[in-house]
Amino acid sequence: MSKLLHFKGASDMPMISISLGNMDWNKTGAWRAQRPFYEDKTPPCRAACPAGNDIVAFIQKITQGDFEGAWNVIKEENPFPGICGRVCFHPCESKCNRGDYDEPIAIHALERFVSDFASKLNKRVEKVPGVRKEKVAIIGSGPAGMSCAYHLAKLYYDVTVFESLSLSGGMLRSGIPSYRLPKDVLDREISNIEALGVELRTGIALGENLAWDDLKDYQATFIATGAHQGRSLQIPGEKAKSVLSGLDLLRRINRNQKVKLGDKIAIIGGGNTAIDVARSVIRLGKKATILYRRSREEMPAFEDEMVEAIEEGVKIRYLTNPIRIQQKDGLKRLECLRIELGDKDESGRRRPVPISHSNFFIEADSVIIAAGEEIEVSFLPKGIEKREGIILTQRDGSTGIKGIFAGGDLTSNQRTVAHAIGSGKKVALAIHGYFNGKNTEEVIRQTLIGEGPSISIFRHLHPEDRPMDSHVVTFGELNTDYFEPSKRHQESKCPVKQRTKGFGEVTVTFPESIAVEEAERCFSCGTCNGCENCYVFCPDASILKTEDILSHQVDYDFCKGCGICFSECPRGAISLKEETR
Amino acid sequence: MKKVITGNQAVAYGVILSRVEVISAYPITPQTTIVEELSELIASGRLNTRFLKVESEHSAMAALIGASTGGVRCFTATSSHGLAYMHEMLHWASGARLPIVLVNVNRAIAPPWNIWSDQSDSLSQRDTGWVQLYCENNQEVLDTILQAYRIAELTKLPVMVVLDAYVLSHTSEAVEIPTMEEVDPFLPPYCPEYPLDTHEPMAFSVIATPEYFLEFRYKIQKAMEQVPEIANKVDDEFRSRFGRSYAAIERYGKEEAEILLMTSGTVTSTSRMVIQKLIEKGTSVAGIKIKRFRPFPSEEICKEIKGAKKIAVIDRNLSAGVGGIFAQELKASLYSKEERPQIFGFISGLGGRDITPGLIEEAIEYTVEHPRPEEKILWLGLKK
Numbered sequence: 001m002s003k004l005l006h007f008k009g010a011s012d013m014p015m016i017s018i019s020l021g022n023m024d025w026n027k028t029g030a031w032r033a034q035r036p037f038y039e040d041k042t043p044p045c046r047a048a049c050p051a052g053n054d055i056v057a058f059i060q061k062i063t064q065g066d067f068e069g070a071w072n073v074i075k076e077e078n079p080f081p082g083i084c085g086r087v088c089f090h091p092c093e094s095k096c097n098r099g100d101y102d103e104p105i106a107i108h109a110l111e112r113f114v115s116d117f118a119s120k121l122n123k124r125v126e127k128v129p130g131v132r133k134e135k136v137a138i139i140g141s142g143p144a145g146m147s148c149a150y151h152l153a154k155l156y157y158d159v160t161v162f163e164s165l166s167l168s169g170g171m172l173r174s175g176i177p178s179y180r181l182p183k184d185v186l187d188r189e190i191s192n193i194e195a196l197g198v199e200l201r202t203g204i205a206l207g208e209n210l211a212w213d214d215l216k217d218y219q220a221t222f223i224a225t226g227a228h229q230g231r232s233l234q235i236p237g238e239k240a241k242s243v244l245s246g247l248d249l250l251r252r253i254n255r256n257q258k259v260k261l262g263d264k265i266a267i268i269g270g271g272n273t274a275i276d277v278a279r280s281v282i283r284l285g286k287k288a289t290i291l292y293r294r295s296r297e298e299m300p301a302f303e304d305e306m307v308e309a310i311e312e313g314v315k316i317r318y319l320t321n322p323i324r325i326q327q328k329d330g331l332k333r334l335e336c337l338r339i340e341l342g343d344k345d346e347s348g349r350r351r352p353v354p355i356s357h358s359n360f361f362i363e364a365d366s367v368i369i370a371a372g373e374e375i376e377v378s379f380l381p382k383g384i385e386k387r388e389g390i391i392l393t394q395r396d397g398s399t400g401i402k403g404i405f406a407g408g409d410l411t412s413n414q415r416t417v418a419h420a421i422g423s424g425k426k427v428a429l430a431i432h433g434y435f436n437g438k439n440t441e442e443v444i445r446q447t448l449i450g451e452g453p454s455i456s457i458f459r460h461l462h463p464e465d466r467p468m469d470s471h472v473v474t475f476g477e478l479n480t481d482y483f484e485p486s487k488r489h490q491e492s493k494c495p496v497k498q499r500t501k502g503f504g505e506v507t508v509t510f511p512e513s514i515a516v517e518e519a520e521r522c523f524s525c526g527t528c529n530g531c532e533n534c535y536v537f538c539p540d541a542s543i544l545k546t547e548d549i550l551s552h553q554v555d556y557d558f559c560k561g562c563g564i565c566f567s568e569c570p571r572g573a574i575s576l577k578e579e580t581r
Numbered sequence: 001m002k003k004v005i006t007g008n009q010a011v012a013y014g015v016i017l018s019r020v021e022v023i024s025a026y027p028i029t030p031q032t033t034i035v036e037e038l039s040e041l042i043a044s045g046r047l048n049t050r051f052l053k054v055e056s057e058h059s060a061m062a063a064l065i066g067a068s069t070g071g072v073r074c075f076t077a078t079s080s081h082g083l084a085y086m087h088e089m090l091h092w093a094s095g096a097r098l099p100i101v102l103v104n105v106n107r108a109i110a111p112p113w114n115i116w117s118d119q120s121d122s123l124s125q126r127d128t129g130w131v132q133l134y135c136e137n138n139q140e141v142l143d144t145i146l147q148a149y150r151i152a153e154l155t156k157l158p159v160m161v162v163l164d165a166y167v168l169s170h171t172s173e174a175v176e177i178p179t180m181e182e183v184d185p186f187l188p189p190y191c192p193e194y195p196l197d198t199h200e201p202m203a204f205s206v207i208a209t210p211e212y213f214l215e216f217r218y219k220i221q222k223a224m225e226q227v228p229e230i231a232n233k234v235d236d237e238f239r240s241r242f243g244r245s246y247a248a249i250e251r252y253g254k255e256e257a258e259i260l261l262m263t264s265g266t267v268t269s270t271s272r273m274v275i276q277k278l279i280e281k282g283t284s285v286a287g288i289k290i291k292r293f294r295p296f297p298s299e300e301i302c303k304e305i306k307g308a309k310k311i312a313v314i315d316r317n318l319s320a321g322v323g324g325i326f327a328q329e330l331k332a333s334l335y336s337k338e339e340r341p342q343i344f345g346f347i348s349g350l351g352g353r354d355i356t357p358g359l360i361e362e363a364i365e366y367t368v369e370h371p372r373p374e375e376k377i378l379w380l381g382l383k384k
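As given, the protein sequences belong to chains A and B, one line each in that order. Using my numbering, read the first sequence as starting at 1 and increasing by one per residue. Using my numbering, read the second sequence as starting at 1 and increasing by one per residue.
Isolated chain B, as found in the complex (with noise of 0.2 angstroms):
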């Protein structure tokens, strides 16, 4: 069935066809209408799931936390400064191998105070061991919390889902809502390795001295490694049940290209339009879509991005003294490759400015003009 939501509601019905058993958040712009949404429908009777009140989203993270442990799935959602205050439990999730998924909704970071889009937030988290993937419009919203579960219950690592601010959560589109019957042999009931039971008293999380810390986290590594792999085969297997397919990295455009532009988000959705109309006029020009951001797809990218010369990468994010996220992680990524094309690290759209055509045409147009980037940090719209 196809209708018409936000962003926001995409998150809801995605949540509801995962048969989450427990879910706790707390409000914050732009999430809000997500967790509304879903307590709306909890406190009818038409949800079958238990919503934790909670005083924070460190408390939100906590209380799933412990119901994951528990052995069910569950479910939050954040933006911005909520995400922040998860942090400290973020890291306790990953740590702590439970596959709860979370839904960040991209949002500036204050002061100066802001509600609009900007990926700080989610990339902030970059470090504590969580999958995130990124995603582009409402139905891709809907389909990767369906594969979110999977690749989080499959690895044991939580994963984020993210989308833009208003851009995405507010804005609606058309989007094809699946039925229950047809997601259930998807996304089978999650059966956690230690189950939580009073019964039977175990400690979790207990300490590990130096002689076994670093076992620990080298386990961790090595499960995000296998991610890629298990993504590709739930991904597989969406397709087949769905015909709808979301891969790490995505190339469209020109298939042998002089210059590639790298994106995340909906700022992908423009430069398809973008890229279209230039190699109409002749540019040698390709795109490629960037899903998934941890664990950091190089390999799929160093396939895809053969024969280029120059990359350019609009980042909406700041890494203040370095420049963009995305365009340092694609460097690291070429480091040890022969195969290095220059990289332009644009920065552009902090705090919801809107991205436009021209925008990215400009960025387009530059890369083309320069054999290299004139400076470190290209700032795309800025009022000197």
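So that you can see chain A by itself, here it is in the shape it has in the complex (with noise of 0.2 angstroms):
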């Protein structure tokens, strides 16, 4: 505390009233009725990934320019962003907040291009020596598989990884076109997990030339051998020779096969897979029509597939259920109905309704049947069983038999990539937990972004991290005074004429220009990024800057406690809480 001065009078007295000492001594955080403090909370952005990425940590490496640090930050979750970037149905971005204020983020071009401008710098994961005794056998190298695979690694178990087919991926091989996922993308993120330490063994199918007794020699099983079986429509005809299903089609395009179809070509079904064959018989020169029982709305194929594909010249037949398939002179003729939408059914969508004695005929040269996938559980061991489609397991991935867990496609019927990827990553964990006796549930239970599906092992493994409250920032949290409106960036495509002469790549990755632009359109929704408007609206001067996890924290001795920086924080990364003292 400053002396005293005493004064003659005003002719030694200062201009003005000043104190050359200042208020440190008068501690007005004892006036405090409610206390401000930074809490991050939950994006719904990364609540919404199934594979668990930590989407606005990314994308704030991407708006300082390190792209890097981006690729690093992602790495942590998911060994697959040039993946998931690319075919992801990117439920990231219908939560996206922003798309309440204008656009939403392109978050799917954002991980994409930072794996792009990882792979341009030939950067590669760092191999982790397996030094656990444990051994674990993973069955499938698709995602789920490979996902799995690729934490246990980083956990220093020593993983073996077993294919049935000669080159490894599983469905992100055979089931997804390369002018969606080019070859190399998947070769270069599968090798980043090789190079791990993971083995991998492929052309060894489990019942065939690889026995259940075989893999005692691992102390855990993953199984994740997806569904690549076509799912039947019941209809007479369909099992003539000639009319093919779409998975078994999209398998022998992708491996370079030789495929024989005729010049006009009908699709049954109205998914991702029937879109991929429509899209890829296209590219063989060929005419796809595809027929679906309902319409456009009810359409469970992403939307931006469908306008690709109808900007392609895929014709799509709505209201339309083939109920017969005859064959002659090697014309196929389709016997359909017409369908009218009734009430919706358990899945939200108007159930078909055939209308009667509406017959009439579609002729085709090759029927191609995508009406979904099932799983194959011929090869699975006794007292792990299918029951509605799907193998049932608890939470944390295990069956009925110990050490043995199953995920991906096998186990659910959300079949996307990002599902398999989550999958494979929460079985890494169980299988860890399993190994050190801990109880998998609850450690599944711990890491859990928001309500999940998305789960992070990284806050498993780094617990000291900055810490996240599970509550899912909504829109109305935000103070969005501190936005400007702005266009979302569209990745570029290649123009119709060229992409429909064969299999390249149809989307064209952001420069980095752009990928630094649309990544400063984030919110950070709950995610201090250091704006500072704390700092610069705080009429106490008591946002103190730090080096520590939070770059700010309050100096409670002079806060009052206004609320000032909790309404002005842009993005709910601080709360407010009554001062309990």
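The hints are simulated quantities; they were obtained by calculation from the structure and are not laboratory data. Heads up, a few of these hints could be off.
Which residues of chain A face chain B? A few of them, derived with a C-beta cut under 8 angstroms, are [said to hold, decoys possible]:
hint, residue
1, Met13
2, Ile16
3, Ile18
4, Leu20
5, Gly21
6, Asn22
7, Met23
8, Gln327
9, Leu331
Even glycine gets a Cβ: it sits at the ideal position worked out from N, Cα and C.
Build the complex: two chains, separate frames, hints provided.
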């Protein structure tokens, strides 16, 4: 405290009332009735990401121009950014709060940009020596199996992956056409996992050249064999030799095998496989017509894919239900019924109701059925059974047999790449917990982001990292005064004429400048990004900058609890509670 | 260089030439184009000044109080309700002895709603400790801003430069615009006595107990008393550099006149013409233009009115219950003097009604014809 001066009169007084001391002694924080504090909340994008990507964190790195840092962030949770950035249905973007403001962030495009940037640098994941005694066998090298292998290897386990086909990747390789996912992107991300020391043994099929007994050296097994069987339509004529399954056709095209097809091709189904088949045969110079029993609104295929398919000349006939496939002189005749939509069914979509006596015929040279996929279970050991089309497991992926876990498309009807990646990660955590005698359900509960499906292995491994409340930030909780409207950047695409000529990639990765601009649109919901609004607005200069995990903290000696920092934080990263002192 | 510009543009030129570092303002008609002009210059990169957007005039002045304490030259402009809203901070600026310059474009205060010229807004702030300078034309507007910074920084008192809505703010006239090189030596950079420095924290405007408060106010009054002398010196230097001069009051017309007409703002321009005409007709009349309202130029006025029998004052303002404010101030100035002419207090032109040559002539004729005013307030052009 400064010394009190005494003056004789105006002549020896200063011009203004001023203290050369300061007010540090006056701890005005004692007046506080409410207490602000920094507390990250859960961003909705991340809570929605089945693969558990730390989206806000990697986008922040992009805004800083630290693309390698962004890659490192993604790799903590997901070994497949190049794949997810291309083929994921990005539920993160559907939940993006910016969507309520103008347009959601193009998260998938940013993830893809980061992956492609890293590949240009020839960035590899560093090899981790398997130092633990436990060995894990993984059956199936699709996204679930490889994600599990990746995380287990990073936890120092000895991992071997068995793949029945001659090439790894599962559905990523056999089911997704290369105009959507180029093979070199897949190869690069799988080889990254191998680089960790994961052993990949292809051409080995359980129940054929591998028996369950052969796996007894492994203390845990993860079954992730996917769903590769085309679902039957249960209509007469579908078993005819010349009627193909969509998945079979895609597998053959993807392996550069010859396919015999007529000129006019009818594809039955409304999912992504139907679209993939249609766009693939267009690239083989054929005419493709999709027959779907409901309307566009109910179609399960992703909107972007449908738009691209229609651009490329795919025809879609809605409200059309084939009931019989006839064959005459090499030409197929599909007898169909017209459909009208009834009430909503349990999936929330309107039920297709056939109109009686509305029979009509569609002619085609080839018919391809893409009406969904089913799992193959014949090789499974006794005690693991299929129910309602999937293998039922506990929440941690464990089956009825100790040490055997299952995941991916085999155990879920949400058959997306991101779900498979998340499932593999969850089982890696479960196996890690299982080996260490932990309550695996509890381990997984603690790593949930928001309410799930997202889980974070990083949070499990780094409990000291900045805490994040499970509350998912809503649009209403943001202070949007600090955001300016801006357009979402679109990835450019090859011209239609060029792309239908072959299987080259349709979409082009963002250039650096666009990636940074798009990243800068991110609201960073619930996550302090050091914007310093709190620092600027605090009327008591009670926001301190720190070198800690949280870059700012409140100086409670002087904070009077006015709450301005709380209300001016654009992203809801500051909380306010009653002072209970 | 001469340019045909509006009064508001003249303000902007004045601000640019004064090398103002921080501007904070909130738009209000008829002030808006001043700030528009300046903010566009800043946005286009042609003016290297920090523009602080604020949500109110109260905040605008508060922001400048911070900036000025930090030791930079700063500026704001407002009108009417905006100035009224600033009231608390006006006291703060003068109490903290910050040389802030504010331009007020005179506009009536509602209700009834009105956006036209009227001095009630600036005169309502007469007791806030600000120097107030009223302008007659656009050239004077520009020049007064340059002088205002000089006076403010020498006396550590804030200065309000006042111009009439529309008659000056939105009307174009030819204005001689000095160059930066000419202005720089006239207006050296501002150096605060107690600079705010975060590395050496000090507490500003701390409490002054009854033991000392009176003395701080005494110091402000002393600073006000220095204004006439400092302003004269500043004006002398200005005249020598730029060839133009603005005294606190200016007498024109007949050298020895029985009747004087006192006006402020643009009414003076009209009065010059009317008085010239009446002198030609043989009336013994002269005009007094009053530029500085605070501190009120009592001594200067007493010197200029020697020999006059009657003084007509036209007030474009009304202190309800008393009358015109300039007339009141004049009466108070004369009370202690031996020579006390009759004061005729006219009220006219409120809310932007034109004060025409006819009305001014009517005021002078009334003064000529009456030995003393028949009423305390003489309403010019009132529709009864």
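Structure-based check of each hint:
1. Met13: Hint on Met13 (chain A): holds, closest Cβ of chain B at ~6 angstroms, below 8 angstroms.
2. Ile16: Holds. Min distance 5 angstroms.
3. Ile18: With a closest approach of 6 angstroms, the Ile18 (chain A) hint holds.
4. Leu20: holds (6 angstroms)
5. Gly21: holds (7 angstroms)
6. Asn22: holds (4 angstroms)
7. Met23: holds (5 angstroms)
8. Gln327: At about 74 angstroms, which exceeds the 8 angstroms cut-off, the nearest Cβ of chain B leaves the hint on Gln327 (chain A) violated.
9. Leu331: violated (70 angstroms)
Checked against the numbered hints given earlier, this structure breaks hints 8, 9; the rest are met.
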